[in-house]
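Residue numbers 11 to 1076, in our numbering, belong to the letters of the sequence shown in order.
These are calculated hints, taken from the structure and not from any lab test. Note that the structure is a prediction, hence the values are computed from the model and not measured. Some hints here could point you the wrong way.
Calculated cross-link-like contacts (lysine-lysine; reagent style BS3-like; alpha-carbon spacing at most 25 angstroms) [to be verified]: (1) Lys563 - Lys499; (2) Lys483 - Lys523; (3) Lys79 - Lys99; (4) Lys886 - Lys965; (5) Lys499 - Lys163; (6) Lys243 - Lys219; (7) Lys539 - Lys483; (8) Lys579 - Lys363; (9) Lys163 - Lys129; (10) Lys403 - Lys965; (11) Lys579 - Lys283; (12) Lys62 - Lys99; (13) Lys139 - Lys179; (14) Lys299 - Lys79; (15) Lys379 - Lys323; (16) Lys62 - Lys139; (17) Lys539 - Lys563; (18) Lys499 - Lys243; (19) Lys459 - Lys419; (20) Lys139 - Lys129; (21) Lys259 - Lys79; (22) Lys499 - Lys459; (23) Lys419 - Lys163; (24) Lys702 - Lys729.
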Amino acid sequence: MPHSVRIVIRPKCNWLLLSASFLIVHSSLPISVFPVPPSLAAPTLAQTPETKKAADRLLDQGIQQYQRKQYEAAIQSWQQALQLYQELKDRNGEAIALNNLGIAYRSLSQYETAIRYYKQALPIYQAVKDRNGEADALNNLGNAYGSLSQYEKALRYYEQALSIFQAVKDRNGEADALNNLGLANQYLSQYEKAIGYYEQALSIFQAVKDRNGEADALNNLGLANQYLSQYEKAIGYYEQALPIFQAVKDRNGEAGVLMNLGIAYRSLSQYEKAIGYYEQALPIFQAVKDRNGEAVALSNLGGTYLFLSQYEKAIGYYEQALPIFQAVKDRNGEAGVLTSLGIAYLSSSQYEKAIGYYEQALPIFQAIKDRNDEAITLNYLGLANQSLSQYEKAIGYYEQALPIFQAVKDRNGEASVLMNLGSTYLVLSQYEKGIGYYEQALPIYQAVKNRNGEAKALNNLGNAYGSLSQYEKAIGYYEQALPIFQAVKDRNSEAGVLNNLGITYLSLSEYEKAIRYYEQALPIYQAIKDRNGEAAALNNLGITYQRLSQYEKAIGYYEQALPIFQAVKDRDGEARALNNLGYILFVSGQVAQAEQTLRQSMQVLECLRVGLKDENKVSIFEEQTTTYRSLQTTLVAQNKFSEALEIAERGRARAFLELLAQRFGDSNTKAVKDGESDPVKPQSKTTCTSVKPPTLAEIQQVAQAQNATLVEYSIIDDKTLYIWVIQPSGAIAFQQVSLKSFLQGTSLAQLIANIREDQLGVRGLGVVPVQRSRSTQLPQNLSFKTLHQLMIAPIAQYLPEDPNQRIIFLPQGALFLVPFAALQDAEGTYLIQQHTIAIAPSIQTLQFTQQQRQRLEAKDSDTQPALIVGNPVMPKLTLEAGQPPVQLATLPNAEAEAKALAQLLQQPALLQNQATEAQVKALMPQARLIHLSTHGLFNDRLGLSSSVALTPTAKEDGLLTAAEILDLKLQADLVVLSACDTGRGQITGDGVIGLSRALFSAGTPSVIVSLWAVPDAPTAFLMTEFYKKLETTGDKAQALRQAMLSTLERYPKPREWAAFTLIGES
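All chains, full assembly: derive it from the sequences and hints.
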């Protein structure tokens, strides 16, 4: 009889997709091939002996090639054998050749081709009444559908195979079918059903003394228990399987069970043990020339180093595994390791690289119709985009993954996506939505008895309620999660939830309880050798003792945490520990030592920003501003006011300056005169900053070059404001203002918000307004006067008496939203009536804007005088993730403003349908003046989504975003955004992140924006006056002041004239 290859799914090791997601760990299972020894059949009379021998020889040759994993060569041999059997009308040989071809194509991940061959073999086996062959073909069809994640179809084929094996009393076949039924149920998360099938298979294998089969069944029982988080039980089964594989000299089986032992110990956070088992498995796979197993072992080593946060080692192992999977044409393995590389880069915060690997893996999974892993990769694409703050994109990927997981009935995968959706909405501060997704995930984990997932869902619910300051509820969820993590022996997560309980009790000021939880977490982190966790727990203990004013103890904990952070190269943790240590040294009176420690923290923080994309620099800088503030306080305490100014300047707009240096360094350098400092000259390679922070002398030079008085503000905390005044002569004055006495129970940010809320402009979005609370508001005139008392009165003696002399304010934080022009002194005089005003993000940016203006003046290029846009056909806007878009209101008065300006400047205006996004983008780089009279939109969650509304087309959405502006090269000397809220954006330690920042980065030295929705009529009047004055004076700050004064006479309320602010060159 011709020889057949029987495929039996006997998973020997978990492999490939070791997830670094904080929500779910997913692993796929390998498929092992067990060929049945050949048996002989007597030739029939109809067969030509030589042809028959040739066909049988080709069949044998194919089997040998298959066993050497030469699948394509095996296919060629079996195709030739098939043709001969068909010529001989040898139906039995034909069926076996077809069946074997199916097996080879399945090994090449070409599952649909495999199914076609199996389906051709099946009716032939039935016709010749070869019931064993029929059962094999049914079993193989089950395997192929299982590879396509169509597990219910697979079950139906396995059940048919089982009944035939039982009918013909083929006990080995019966046990194999039971084993496969177990595996299919395992994939459907029916773990207890799977265990039932494995136990039936085990007893048969033992009865027929099939020791290989017995070891396989024990191994599979280990896997099923591992999925139920019963890791100790799983290890018990693996330890029974291992000596059997060794006894029967099944080296592949031995290596596979060593791999599974590694995975079980990894799940118990015993990473060193896990690595030990993988390192035993690897040389066995290499010795038996099982290249696939070798790649799997390398991949799992990579995954374990991933858990240990040793990302470079992890990547090294994955990069060894990848070419092996490619060489053996294991497309599933190739895609899996690409996904794992993505996870490694995701874990090391290299999100774009991670996305690149996921995008390579995804089409492979789609091509081989592996829907389960397709969904997993989509899930990771969601995580990577979420990490880049691309929340809409992340939600889109999660929403693609979710129905796939549901379709293939992967309930664990379904729950993981629900968890990730919950986490995304949590970041968007949509806590109720986030909780809703977690509450959907929790019962799924409970239904499939995934206790680890259940505990993680409970933990995340605790995090969500903690974000809502509902600490008691948060504690309730953490307390439910903790015993589950303990029961499944997930020590890492156990320590994590103990840490979360500590943080929550810290928020409740229950310091003793917080300490108890941190002290429980600490020895666990130490036991599992999680040095990052250990350092974090020590740091948190330091913070808690600091709150208790037990400074010596706090210093002790920080000093223990610091060398650990340094040893594991956690620069962020190192910087935080240094910052905390510096602060505690300061409050305990060790001021000089505090200064030294805080300077070290600052240097580490600046190194963290190297190599990041601009938006990521902004995000990380926002977290780092505490150190700069603490260092300023330490210097002021030593009366080092000028050094404190240097740090205040060093601690603002760094990401912005680094972006400007990257984009305009060469041209700006040429514009610097001999002897002047170059703001964009890169530092030497021994430092981490790409732009040299200004020295005191350089700050004084800027004041002289601008011929302006510079006023720099630094908000230290909710009680203290620092103000420096740098006069054109170089003289520097410092004032420290106590905020508490002025604010009457409110905060500085709320005081500014009260002013903004009182400016009830007309040029709004045309959507349903939000009811505003007035409970904490001061009367408007008192708010303006209070801000004047805080910000202007303490330095009034240092300001110029000549109203034509410019003052450039350098705000920080919420002060960017202060309408300086409208601040009133005790007599009710507005600041604009006394002074000419401009603002800038930092002193050093003024060097840049001056050079940009000089560059534009020197450039002889073909430009248009002006681009004027008014009242486009409005686009629709999504105001909230997951909600339908709303239509923006039209602005007829903005159209009138644009027409009046066009007449004044003798230039055409783009109105309504003419003002398409594509047309405006095309004309912006050619214009010397850009005036946009339309809606301005901002996104508090991600500043680069701030945008200007224009006419949409089939290819453009009508939202000209800050990110799109960054891609332009502008030659405009001035851009005016005569629209609502164009001065708004996310306020960070790097300044206002939005439209004005994008325009400067695109090459514009001066921008006028509005701080609130301005009424139409006064806006049109003010803008007309501004352009008239600009034509006569050529000075933007003077022109804006004169326009405001003229508007004030006609429209006396500040909301009608004070919103517009000049940023940059005047």
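> What hint numbers does the structure not satisfy?
Replying inline: Violated hints (numbers, rising): 1, 3, 5, 7, 15, 24; every other hint is consistent with the structure.
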